[in-house]
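Asker: Chains as they are written, first to last, in my numbering: chain A, 1 to 293; chain B, 1 to 414; chain C, 1 to 343.
Just so you know, these hints were derived from the structure itself, not from any lab. Just so it is clear, CB atoms sit at the ideal spot from N, CA and C, and this is done for glycine as well. Misleading hints may appear alongside valid ones.
Stated by the list, open to error - The list that follows gives simulated cross-link-like pairs (lysine-lysine, DSSO-like), each with its CA atoms no further than 27 Å apart: (1) Lys117/B with Lys51/C; (2) Lys51/C with Lys346/B; (3) Lys51/C with Lys204/B; (4) Lys126/B with Lys51/C; (5) Lys116/C with Lys182/A; (6) Lys225/B with Lys116/C; (7) Lys4/C with Lys182/A.
Stated by the list, open to error - The calculated label-pair distances, taken between Cβ atoms and stated as ranges, are: (8) Ile122/C with Asp106/B: 57 to 63 Å; (9) Asp24/B with Glu45/C: 33 to 39 Å; (10) Glu45/C with Ala359/B: 46 to 52 Å; (11) Asp106/B with Ala107/C: 58 to 64 Å; (12) Phe14/A with Tyr253/C: 23 to 29 Å; (13) Val276/B with Val90/A: 40 to 46 Å; (14) Val90/A with Ser268/B: 36 to 42 Å; (15) Pro103/B with Leu19/C: 36 to 42 Å; (16) Trp36/A with Glu393/B: 49 to 55 Å; (17) Leu55/A with Asp24/B: 53 to 59 Å.
What the hints assert, rightly or not - Incomplete in silico selection of chain B near chain A, CB under 8 Å: (18) Asp38; (19) Asn62; (20) Thr65; (21) Glu66; (22) Ala73; (23) Ala74; (24) Ala77; (25) Glu81; (26) Lys117; (27) Pro245; (28) Glu248; (29) Ser249; (30) Asn251; (31) Gly270; (32) Glu274.
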Amino acid sequence: MASVAQRRSPGLIFFSTAFIVFWLMIATGPFIWTVWGSFKVQGDFFSKTDWRYALYGVRTITETGDAFTGNGYFGAWIQQEFWRNAFNTVIVVTFTVIISLTMGTLGGYALARSGFRYAFWLLMAALVFRAMPHITLVSGYLLPFFEWNLWGHLPTTIIVLVAINQPFTLWMLHSFFLNIPKDMDESALVDGCTRLQAFRHVIIPVMWPGVITTGLFSFLLAYNDFAVTSVLLSQENQTMVPKIASFLGTVRQQGQVMFAVAAVVSAMVPLFFLVLFFQRQIVSGLTTGAVKG
Amino acid sequence: MNMMKTMAAGAAVTIGVATAAHADCGIASGNVSVLANDFPALHAVVSKAEECASSTVTFSKNHTTEHRDIQVAAMTANPSEYTTAIVANSSVVPLLNGGLIRPLDDLVAKHGQNLKKNQLITIDGKIMAIAFMANAQHLVVRKDILDEVGLDIPETYEDVLAAAEAIEAAGVMEHPFAMLTMADWNLGEEFVNMYLGHGGEFFKPGTAEPAVNNEKGVAALNMLKALVEFSNPDFLTYNTGVVAPIWESGNLAMAQMWGSSMGQLLDSEGSTEEVVSGTLPVGAMTVAGGTTPASSLWWDGFTIAANISDEDAEATFLAMLNGISNEMVMEGDNNDRAVWLMDAYKPGIAATGISATAAAGAEPYPMLPYMGLLHGAFFAELPDFLQGNESAEQTLADIEAAYITAAQEKGFLQ
Amino acid sequence: MKHKTFFWFILPSLAAMLLFIAMPLVSVTIQSLFVEHDQVLVEVENCTPFKCESSVAVDQEATAALREERPLGQFNGLGTYTNRSHLAFPEVREAWNASGSLHDFGARLMNLPFYKALAFTITYTAVVTPFVIVLGLAIALGVNALPQLVKGPTIFCSLLPMIVTPLIGSLILFWMVDADGILGAALQRIFDDDQLSLKASHSLTWIMLIVYGIWHSAPFSFIVFYAGLQTVPQETLEAAQIDGATRWQRVRYVVVPYMTPLVVFITLMQLMDNFRVFEPIVGFSASAKATSLSWIIFNDLRGGDIQLFGSAAATSLLTILGVVVLLMPVLIRTWQEFGRKVV
Numbered sequence: 001m002a003s004v005a006q007r008r009s010p011g012l013i014f015f016s017t018a019f020i021v022f023w024l025m026i027a028t029g030p031f032i033w034t035v036w037g038s039f040k041v042q043g044d045f046f047s048k049t050d051w052r053y054a055l056y057g058v059r060t061i062t063e064t065g066d067a068f069t070g071n072g073y074f075g076a077w078i079q080q081e082f083w084r085n086a087f088n089t090v091i092v093v094t095f096t097v098i099i100s101l102t103m104g105t106l107g108g109y110a111l112a113r114s115g116f117r118y119a120f121w122l123l124m125a126a127l128v129f130r131a132m133p134h135i136t137l138v139s140g141y142l143l144p145f146f147e148w149n150l151w152g153h154l155p156t157t158i159i160v161l162v163a164i165n166q167p168f169t170l171w172m173l174h175s176f177f178l179n180i181p182k183d184m185d186e187s188a189l190v191d192g193c194t195r196l197q198a199f200r201h202v203i204i205p206v207m208w209p210g211v212i213t214t215g216l217f218s219f220l221l222a223y224n225d226f227a228v229t230s231v232l233l234s235q236e237n238q239t240m241v242p243k244i245a246s247f248l249g250t251v252r253q254q255g256q257v258m259f260a261v262a263a264v265v266s267a268m269v270p271l272f273f274l275v276l277f278f279q280r281q282i283v284s285g286l287t288t289g290a291v292k293g
Numbered sequence: 001m002n003m004m005k006t007m008a009a010g011a012a013v014t015i016g017v018a019t020a021a022h023a024d025c026g027i028a029s030g031n032v033s034v035l036a037n038d039f040p041a042l043h044a045v046v047s048k049a050e051e052c053a054s055s056t057v058t059f060s061k062n063h064t065t066e067h068r069d070i071q072v073a074a075m076t077a078n079p080s081e082y083t084t085a086i087v088a089n090s091s092v093v094p095l096l097n098g099g100l101i102r103p104l105d106d107l108v109a110k111h112g113q114n115l116k117k118n119q120l121i122t123i124d125g126k127i128m129a130i131a132f133m134a135n136a137q138h139l140v141v142r143k144d145i146l147d148e149v150g151l152d153i154p155e156t157y158e159d160v161l162a163a164a165e166a167i168e169a170a171g172v173m174e175h176p177f178a179m180l181t182m183a184d185w186n187l188g189e190e191f192v193n194m195y196l197g198h199g200g201e202f203f204k205p206g207t208a209e210p211a212v213n214n215e216k217g218v219a220a221l222n223m224l225k226a227l228v229e230f231s232n233p234d235f236l237t238y239n240t241g242v243v244a245p246i247w248e249s250g251n252l253a254m255a256q257m258w259g260s261s262m263g264q265l266l267d268s269e270g271s272t273e274e275v276v277s278g279t280l281p282v283g284a285m286t287v288a289g290g291t292t293p294a295s296s297l298w299w300d301g302f303t304i305a306a307n308i309s310d311e312d313a314e315a316t317f318l319a320m321l322n323g324i325s326n327e328m329v330m331e332g333d334n335n336d337r338a339v340w341l342m343d344a345y346k347p348g349i350a351a352t353g354i355s356a357t358a359a360a361g362a363e364p365y366p367m368l369p370y371m372g373l374l375h376g377a378f379f380a381e382l383p384d385f386l387q388g389n390e391s392a393e394q395t396l397a398d399i400e401a402a403y404i405t406a407a408q409e410k411g412f413l414q
Numbered sequence: 001m002k003h004k005t006f007f008w009f010i011l012p013s014l015a016a017m018l019l020f021i022a023m024p025l026v027s028v029t030i031q032s033l034f035v036e037h038d039q040v041l042v043e044v045e046n047c048t049p050f051k052c053e054s055s056v057a058v059d060q061e062a063t064a065a066l067r068e069e070r071p072l073g074q075f076n077g078l079g080t081y082t083n084r085s086h087l088a089f090p091e092v093r094e095a096w097n098a099s100g101s102l103h104d105f106g107a108r109l110m111n112l113p114f115y116k117a118l119a120f121t122i123t124y125t126a127v128v129t130p131f132v133i134v135l136g137l138a139i140a141l142g143v144n145a146l147p148q149l150v151k152g153p154t155i156f157c158s159l160l161p162m163i164v165t166p167l168i169g170s171l172i173l174f175w176m177v178d179a180d181g182i183l184g185a186a187l188q189r190i191f192d193d194d195q196l197s198l199k200a201s202h203s204l205t206w207i208m209l210i211v212y213g214i215w216h217s218a219p220f221s222f223i224v225f226y227a228g229l230q231t232v233p234q235e236t237l238e239a240a241q242i243d244g245a246t247r248w249q250r251v252r253y254v255v256v257p258y259m260t261p262l263v264v265f266i267t268l269m270q271l272m273d274n275f276r277v278f279e280p281i282v283g284f285s286a287s288a289k290a291t292s293l294s295w296i297i298f299n300d301l302r303g304g305d306i307q308l309f310g311s312a313a314a315t316s317l318l319t320i321l322g323v324v325v326l327l328m329p330v331l332i333r334t335w336q337e338f339g340r341k342v343v
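Kindly generate the complete structure, drawing on both the sequences and the hints.
Answerer: As structure tokens, this is what we get:
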């Protein structure tokens, strides 16, 4: 591609670069605004007087004596012990991703290699399952979970998130395995390997890029989930997103919105490193996996 | 609530727990497990109750904003996940409908000598909940602005309209009035209040049949519409979180808000000296020549689950009594966190609106089994009318139709 | 692959889906066919901190007996599906008979909650999906042409709209587009209209939600396309160039065909996700101007103090039905491809 790119006209390069710069402004603008605003007081960041207050920190200076304040961060992390929720999120997300991918790779591989009609119908069923609104599912879980004493625990939530994730994981990994040439594992079978051995020795070594890409999407779903975690976890097991929601207050009570803003900004930091770290794999993963409909 | 105060209170609570972890609540043994909403006043109550925990009394709590969504399932399980749920007039209804909470008469007779008569929520002669705090929507005004245009503090919504018009005409403010008209539960509450102010009945007596499609309903709708004319055109997105900052920025002269928000409006955080000193909570307005204020009264209280052992029920009751004791009110700045119903409570200026509204004889929000369904129908259908797409009669007919559909599904109507 | 091997490979995944999705799906289907048994009401005396009054309550014993008898409630067939909150057959018929013109009929239809929601849901899906695909492809082409050094950070920044928790993302945008917010004020400047408010106008609210939807989903299609671009064979592109194809022609006749499988995948996922649009409506407090099917479900379950499980169940199944209808063309395509792959 590089050779082609070099031969483009200056006008096109200018246009294309300008477009990307414009897109980056749109994509990152609100986030930069949020990072900046998280060091102000609520009266500035959510100002009804003048939006420029958020730039100059007029109220922040009046209330804290400085144009920047760490009160939001202090309140969220120290007073409200947000680190507990962060810790819970780490547990939930890690296990959800690992279990999702383990189940998904096995299932996706089987679906990609089976030519029987039922494999197709399973894929279709998975699509229908994915269409099910999460909130309806969660409401249905509540009573049995309370009856069987499963409610509130992290493992329950992890399993539910894994199950809800499965349709997408299966589809994505299925498409990915379709692009790994069938000859590879079939020649292993001819050599006398069992399916599982063929999978272990031939498929696993080449599947990582696709798995990591799928993992990123599973990660995002578990990380950002509100519908499931807000209702299925007890207070001591609460993850970050429901905690952030509780900072926002309820109908008859005010919240502490700046805690929520600070919490969101700090929750983005690990994501930054994660995406930067896996960026190459995401791209190379989809390259080999070229997802098909 | 300013930052330093919150921190000091947080520290006080922590120290309190550490030093008085074995407060003598008179509990022999048992399990206490609390489900409650997530805001400071309830944290104060539950933390105080937690002091009853001991080697023989286990204590757990769950503060969550989603408490309404899990309470029915949690307490239907046998044994119940929670021994007590802290509820309000509306959220107690599903628990009553499902028979999930127990009568407290025996426990009150045995231990409740210090409870006041007005704390006992009685249904069909049986005490079902113990209330500990009150709330209501009422008007808050900018005295300085009213003085500027030479008007008295309004007493009726007709006065509010006149004042708003005068303020607009004088060019002081563009949109001088606001109420909590977000097109969700909030908007339904505004109609409930306005309809109560007109002296309306929601249902045909003794039945679940709706009875809002009448002149009073039309009048209530028209008054709401007249009021929102003086509100910002964004009014359908206005909840407390939006209106309070507008108030603090000095862009409102009159607003109908929750009494529990007054503390925020009256502290200096987020606001200027001019706005704070002019801010004055007054009672709820009356309307259309009526005498009942156009507002509804709310309480928060605790209930005890039905599906638990008597021992746990007694332990929970005692722990919660400790939670709502006078000592709790006097600790730290708990006094200002809510309008408490306990004796030790010293009402500050922030509480004046709620007290005035209650004293003027406002109706409690109805605890009817199917009120929630009608409330839902209100806010589903009202936006059409307030945006001028529909006649009042059509809207009221739509409300009744929507309610009837829901009530049929729940078995309240055939 | 043998049946038995297939079974063991798929078992964990299948078990999780059967247990946590298929079983609830069945129970939801059953639930949607029933309404609750009649509640036995009694008149009672209620006292609150404020006053005592006569009121109505549910007679626990009598109702418990009924519940014991028929735990599922009363069979209602498809009654819930056809009532006013859903497909509203009687109301639609009445509207048809009463309306003078098609326009009038449409207006009456929009007074029914389900059709109102469906109108926005379909508009949103129909507009957002193609825009996401086109915008995603354009960004991918642009990023691909960037120098290697800046590609990494650009990709991260481009992913931001997708990875910020929508709960907070929409809250912050909600304040930014406020008439007194940075974006709202900027728009007032641009259009020279100091009364302009995105939150007050019906059509502007729709546009705002749609723009948010495109902004939020574009990174998904961008990352998939960007990866796909790496697979376009260099030789083909160069051959096309030697043949005198302009850059535009190369994109149109070489790159785009290579992207077709990806377009199908993105379309599939986007149609499904957009049809279930929900978070922006709550985030932007837009329910007065725009509702969606998922919002109706949310409102039935979380909007008030009493939960309408049967109604939510019926809307959920109608949503799934809608998704299946939307995806039908894609599904047929997959079926044909599957037929070709048979071992």
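Asker: If a hint holds in the structure, say so; if it doesn't, say that too.
Answerer: Hints versus structure:
no., hint, in the structure
1, Lys117/B with Lys51/C, "11 Å, holds"
2, Lys51/C with Lys346/B, "22 Å, holds"
3, Lys51/C with Lys204/B, "21 Å, holds"
4, Lys126/B with Lys51/C, "15 Å, holds"
5, Lys116/C with Lys182/A, "49 Å, violated"
6, Lys225/B with Lys116/C, "23 Å, holds"
7, Lys4/C with Lys182/A, "19 Å, holds"
8, Ile122/C with Asp106/B: 57 to 63 Å, "58 Å, holds"
9, Asp24/B with Glu45/C: 33 to 39 Å, "37 Å, holds"
10, Glu45/C with Ala359/B: 46 to 52 Å, "23 Å, violated"
11, Asp106/B with Ala107/C: 58 to 64 Å, "59 Å, holds"
12, Phe14/A with Tyr253/C: 23 to 29 Å, "24 Å, holds"
13, Val276/B with Val90/A: 40 to 46 Å, "43 Å, holds"
14, Val90/A with Ser268/B: 36 to 42 Å, "39 Å, holds"
15, Pro103/B with Leu19/C: 36 to 42 Å, "39 Å, holds"
16, Trp36/A with Glu393/B: 49 to 55 Å, "51 Å, holds"
17, Leu55/A with Asp24/B: 53 to 59 Å, "56 Å, holds"
18, Asp38, "5 Å, holds"
19, Asn62, "4 Å, holds"
20, Thr65, "5 Å, holds"
21, Glu66, "5 Å, holds"
22, Ala73, "4 Å, holds"
23, Ala74, "5 Å, holds"
24, Ala77, "4 Å, holds"
25, Glu81, "5 Å, holds"
26, Lys117, "25 Å, violated"
27, Pro245, "5 Å, holds"
28, Glu248, "7 Å, holds"
29, Ser249, "4 Å, holds"
30, Asn251, "6 Å, holds"
31, Gly270, "4 Å, holds"
32, Glu274, "12 Å, violated"
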